[in-house]
Amino acid sequence: MRIVALLILAVLTSLAAGNSADLLEAAKKGKIAQLEQLLAKGADLESADRDGRTPLMLAAQYGHAPTVRLLLDKGAKSAARDTRGWTAYMLALLSPSGGVVHTPHDTVLKLLPQPKRFRIAIDASWAPGKELFSSCFMRPSDLTQHLRQLRPDGMVIEALQRFAQASGRDLMVIVSADARGTSDISGKTTPADIDATLTLQVEPGITCVQQSDQVSMLIHATLAPQNSKGGFERVFGAGMKTGMRGQLATNANQHGPLFETWAKSQAGPVWWAVLTALLTD
337 MRIVALLILA VLTSLAAGNS ADLLEAAKKG KIAQLEQLLA KGADLESADR DGRTPLMLAA
397 QYGHAPTVRL LLDKGAKSAA RDTRGWTAYM LALLSPSGGV VHTPHDTVLK LLPQPKRFRI
457 AIDASWAPGK ELFSSCFMRP SDLTQHLRQL RPDGMVIEAL QRFAQASGRD LMVIVSADAR
517 GTSDISGKTT PADIDATLTL QVEPGITCVQ QSDQVSMLIH ATLAPQNSKG GFERVFGAGM
577 KTGMRGQLAT NANQHGPLFE TWAKSQAGPV WWAVLTALLT D
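Counting from 1, position 186 in the sequence shown corresponds to residue 522 in our numbering; the numbering is continuous, with no gaps.
Careful: at least some of the hints might be erroneous.
Distance condition first, Cα-Cα at most 30 Å in a straight line; then the derived DSSO-like pairs of lysine-lysine [to be verified]:
hint : residue 1 : residue 2
1    : Lys377    : Lys410
2    : Lys466    : Lys600
3    : Lys600    : Lys452
Simulated from the structure, these hints should not be mistaken for laboratory data.
Turn these sequences into a full structure, and let the hints steer you where they fit.
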């Protein structure tokens, strides 16, 4: 009898494992009918794959709103986290499109519980980068004054503001670092407490290369949450794909537009890195 019982248990365990794997696949592909059949057979609603992703997480990640709605109605845990610490909301928000607005995942995001809105104070400054050696068009002293007028740190903050508005997610508000919560960038009254401080050290570089100026810039970003968890120190803009290598100015008037374009290209990576860190915490 004991052997028979062990055999039955082994069979049931195998069937449960198979049902769980099929359930995860059905959720990933948005196959509602199959998902309902598997749940009726006893498949675990909170089963997870090797990355800790549950059926709800997979359905959210791949943008299947009807499947997400069904799983939530069945009692799926929206606050569950995968091995990276990501929830279903984060997977829908960050995985498919890097936060680009008007994706198929927008409906999914509206179904899931909304996270809190974070208040971020930004301290930004600039200092000449290692590549700021010379310009083909002006003397070093004039170059420094030229950059001071361009305000590369202001360009980065403005790019972040615009990205925050264009993203349409409304998950973070930039608070004036001087006011420390008295008002946000738009002038609206904001509670005095903040969730994190983002410190940005912008390093612009201009180097004379064959009668043209080679423009470069880095952002050294430090995120310091109020609870001292989930922070980071990262550099943005390094490397061929994300930096300004090879961007040449044939006159000094082109410095500003090139720096502005670069700042816009880095606003998204910086913004989503901050949001990911805060949501994961």
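Taking the hints in turn, this is what the structure says about them:
1. At most 30 Å may separate the alpha-carbon atoms for a hinted pair to count; lysine 377 and lysine 410 meet this at roughly 14 Å.
2. A C-alpha spacing of about 22 Å is found between lysine 466 and lysine 600, which places the hinted pair at or below 30 Å, so the restraint holds.
3. Under the criterion of a C-alpha separation no larger than 30 Å, the hint pairing lysine 600 with lysine 452 is consistent with the structure, at around 26 Å.
In summary, this structure violates none of the numbered hints.
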